[in-house]
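**Q** Letter by letter, the chains look like this.
Protein chains: 2
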Amino acid sequence: MEEVKKQNLKLQIIEAAREVLLSEGYRNLSLRKIARKIGVSATSIYLHFEGKDNLVHSLIEAAIERLNESLKLALPEKGGPINKLEKLAWAYVNFALTHPREYQIIYLVSSDEMTRYPKEKFRKARKGYKLVLQVLQEGIAEGIVDEKKPRIASYTFWAQLHGVLSVVLSKRLDTRIDQEEFIEEAIDHIISSYRQKTSLEAEELDRI
Amino acid sequence: MEEVKKQNLKLQIIEAAREVLLSEGYRNLSLRKIARKIGVSATSIYLHFEGKDNLVHSLIEAAIERLNESLKLALPEKGGPINKLEKLAWAYVNFALTHPREYQIIYLVSSDEMTRYPKEKFRKARKGYKLVLQVLQEGIAEGIVDEKKPRIASYTFWAQLHGVLSVVLSKRLDTRIDQEEFIEEAIDHIISSYRQKTSLEAEELDRI
DNA sequence: ATCCTTGGTTAACAGCGTTAAGTAGTAATT
DNA sequence: AATTACTACTTAACGCTGTTAACCAAGGAT
Numbered sequence: 001m002e003e004v005k006k007q008n009l010k011l012q013i014i015e016a017a018r019e020v021l022l023s024e025g026y027r028n029l030s031l032r033k034i035a036r037k038i039g040v041s042a043t044s045i046y047l048h049f050e051g052k053d054n055l056v057h058s059l060i061e062a063a064i065e066r067l068n069e070s071l072k073l074a075l076p077e078k079g080g081p082i083n084k085l086e087k088l089a090w091a092y093v094n095f096a097l098t099h100p101r102e103y104q105i106i107y108l109v110s111s112d113e114m115t116r117y118p119k120e121k122f123r124k125a126r127k128g129y130k131l132v133l134q135v136l137q138e139g140i141a142e143g144i145v146d147e148k149k150p151r152i153a154s155y156t157f158w159a160q161l162h163g164v165l166s167v168v169l170s171k172r173l174d175t176r177i178d179q180e181e182f183i184e185e186a187i188d189h190i191i192s193s194y195r196q197k198t199s200l201e202a203e204e205l206d207r208i
Numbered sequence: 001m002e003e004v005k006k007q008n009l010k011l012q013i014i015e016a017a018r019e020v021l022l023s024e025g026y027r028n029l030s031l032r033k034i035a036r037k038i039g040v041s042a043t044s045i046y047l048h049f050e051g052k053d054n055l056v057h058s059l060i061e062a063a064i065e066r067l068n069e070s071l072k073l074a075l076p077e078k079g080g081p082i083n084k085l086e087k088l089a090w091a092y093v094n095f096a097l098t099h100p101r102e103y104q105i106i107y108l109v110s111s112d113e114m115t116r117y118p119k120e121k122f123r124k125a126r127k128g129y130k131l132v133l134q135v136l137q138e139g140i141a142e143g144i145v146d147e148k149k150p151r152i153a154s155y156t157f158w159a160q161l162h163g164v165l166s167v168v169l170s171k172r173l174d175t176r177i178d179q180e181e182f183i184e185e186a187i188d189h190i191i192s193s194y195r196q197k198t199s200l201e202a203e204e205l206d207r208i
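Those protein sequences? They're chains E and G, same order as listed. Under the numbering used here, the first sequence has 74 at position 74, and the numbering climbs by one with no breaks. Under the numbering used here, the second sequence has 47 at position 47, and the numbering climbs by one with no breaks.
Among the clues, some could well be false.
Intra- or inter-copy, both count: the list cannot distinguish identical chains.
What the hints assert, rightly or not - Below are the PhoX-like pairs computed for lysine-lysine, each with C-alpha atoms no more than 20 Å apart in a straight line:
id, residue 1, residue 2
1, Lys127, Lys149
2, Lys87, Lys72
3, Lys124, Lys171
4, Lys121, Lys171
5, Lys121, Lys52
6, Lys119, Lys171
7, Lys148, Lys130
8, Lys171, Lys127
9, Lys130, Lys171
10, Lys87, Lys130
These are calculated hints, taken from the structure and not from any lab test.
Throw the hints in and build the complete structure from the sequences for me.
**A** Pasting the structure below:
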């Protein structure tokens with residue numbers, strides 16, 4: 001059992017950190033608590049990570065990968081582009097709603113809440129973006145999607161979705177507004193803006 | 001000068017806190033630092049606030065008010081609804097870009113980053129939402145805006161905008177993408193989704 | 001002259017991230 | 001076989017944090 005424990009202290013740390021994050025939130029995530037959880041001294045963490053920020057970066061990375069995995073699984077092989085965009089959007093939403101703390105940590109990388117997330121790590125984050133780009137280009141080819149700058153458009157797609165979730169998760173929504181209805185409405189808006197204005201019929205067909 | 005100093009220690013605290021926040025970020029905002037800045041003991045803050053979270057809530061409230069003020073000023077009295085939405089969107093963006101830390105603190109109220117923002121305070125936050133609601137209803141009346149649920153729509157409007165800014169401010173944007181172009185494109189998308197599909201001509205007229 | 005209130009203070013607690021120095025156990029060298 | 005070097009940790013300590021409890025000095029009311 002020793003060789004099992006050996007190098008995977010790093011894994012144990014990440015795992016424990018994730019557990020604390022999911023159960024108690026970022027606010028209550030401390031190195032000492034993580035260390036206590038796996039029966040090790042807090043300073044041991046420095047053997048595997050440069051510091052707390054660095055450890056959290058790993059959590060972010062892992063969260064992004066899990067999110068991307070969900071997206072990849074949700075993208076159907078068949079069906080029109082509008083349908084595909086809808087599937088992607090809902091996969092994104094569902095991930096965020098079922099793992100809110102894990103989702104939120106992804107966007108915790110705000111400019112001063114933490115050491116800047118190393119830009120080389122963003123490459124992984126771009127997988128989700130590429131999925132949408134692909135779908136958009138497919139839609140453009142078929143004349144169903146109206147987009148001059150698909151690269152930018154696929155970023156705005158995620159950005160808008162994130163905004164919607166950000167409002168929902170931070171509970172800023174007016175209590176008189178039903179959360180689910182809000183999300184549905186928002187996704188409708190977002191997707192409709194990518195749609196070729198003259199191809200409303202195509203959209204109807206697409207839905208079936 | 002004493003009666004000046006009297007009850008406005010509270011104001012001094014808020015002011016100092018805001019200064020620290022703007023210059024050093026939320027991460028480096030500590031009660032002791034604020035207290036030091038105005039030559040008072042840290043525990044004095046507890047005479048005016050329940051604790052740090054409570055103080056930060058005040059900062060949030062102030063930031064929301066400043067943002068709302070910008071929006072109100074930016075809303076023209078004349079012009080079509082689409083034009084008005086554009087003006088509001090840009091005012092929002094400009095506020096966020098010129099005071100990024102102040103803007104970001106508004107959305108810091110995530111579920112576990114801080115004690116829940118008291119929901120009664122959200123009423124003030126809804127002023128901006130009402131501005132959009134008003135414009136949307138105006139547009140619906142004129143047949144230029146296509147919206148069945150304007151209440152919800154005005155929330156999705158802000159949510160989408162926030163998402164765009166969130167991506168920009170957290171510097172998650174692909175370096176190959178120009179920030180300004182991204183924002184313009186995104187605003188275009190957001191606004192176009194509220195537009196009546198059959199009234200593209202109206203939009204053109206609106207622009208002039 | 002005493003009491004109570006207002007508006008602060010100091011001291012202390014428990015916890016934090018991080019650094020420096022030390023220490024067992026194992027592997028390699030002589 | 002003895003010594004050295006390395007690996008994977010630990011303990012101690014620094015300076016910071018939010019927060020609580022106890023104290024204190026000045027002013028107004030009784």
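**Q** State for each hint whether it applies.
**A** To see whether the hints hold, each was checked on the structure:
In this assembly of identical chains, the alpha carbons of Lys127 and Lys149 lie at most 20 Å apart only when taken from the same copy (18 Å versus 34 Å across copies). Only within a single protomer do Lys87 and Lys72 lie at most 20 Å apart by alpha-carbon distance; the minimum there is 10 Å, versus 37 Å between protomers. With identical chains, the CA atoms of Lys124 and Lys171 are at most 20 Å apart between copies only, with a shortest distance of 15 Å across copies and 29 Å within one. For a Cα distance limit of 20 Å, the shortest separation of Lys121 from Lys171 across copies, 12 Å, qualifies, whereas the shortest one inside one copy, 30 Å, does not.
For the identical chains of this complex, Lys121 and Lys52 are intra-copy neighbours only, at 17 Å inside a copy versus 33 Å across copies, given an alpha-carbon limit of 20 Å. For the identical chains of this complex, Lys119 and Lys171 are inter-copy neighbours only, at 9 Å across copies versus 30 Å inside a copy, given an alpha-carbon limit of 20 Å. In this assembly of identical chains, Lys148 and Lys130 lie within 20 Å of each other by CA distance solely inside one copy; the values are 16 Å within and 33 Å between copies. Taking the shortest alpha-carbon separations for Lys171 and Lys127, only the inter-copy value of 17 Å comes in at or below 20 Å, while the best intra-copy value is 28 Å.
Within a single copy, Lys130 and Lys171 get their C-alpha atoms only as close as 30 Å, which misses the 20 Å cut-off; across copies the closest is 18 Å, which meets it. Proximity of Lys87 to Lys130 under the C-alpha cut-off of 20 Å is restricted to the intra-copy arrangement: shortest distance 15 Å within a copy versus 32 Å between copies.
Violation of the numbered hints given earlier is absent; every hint is satisfied by the structure.
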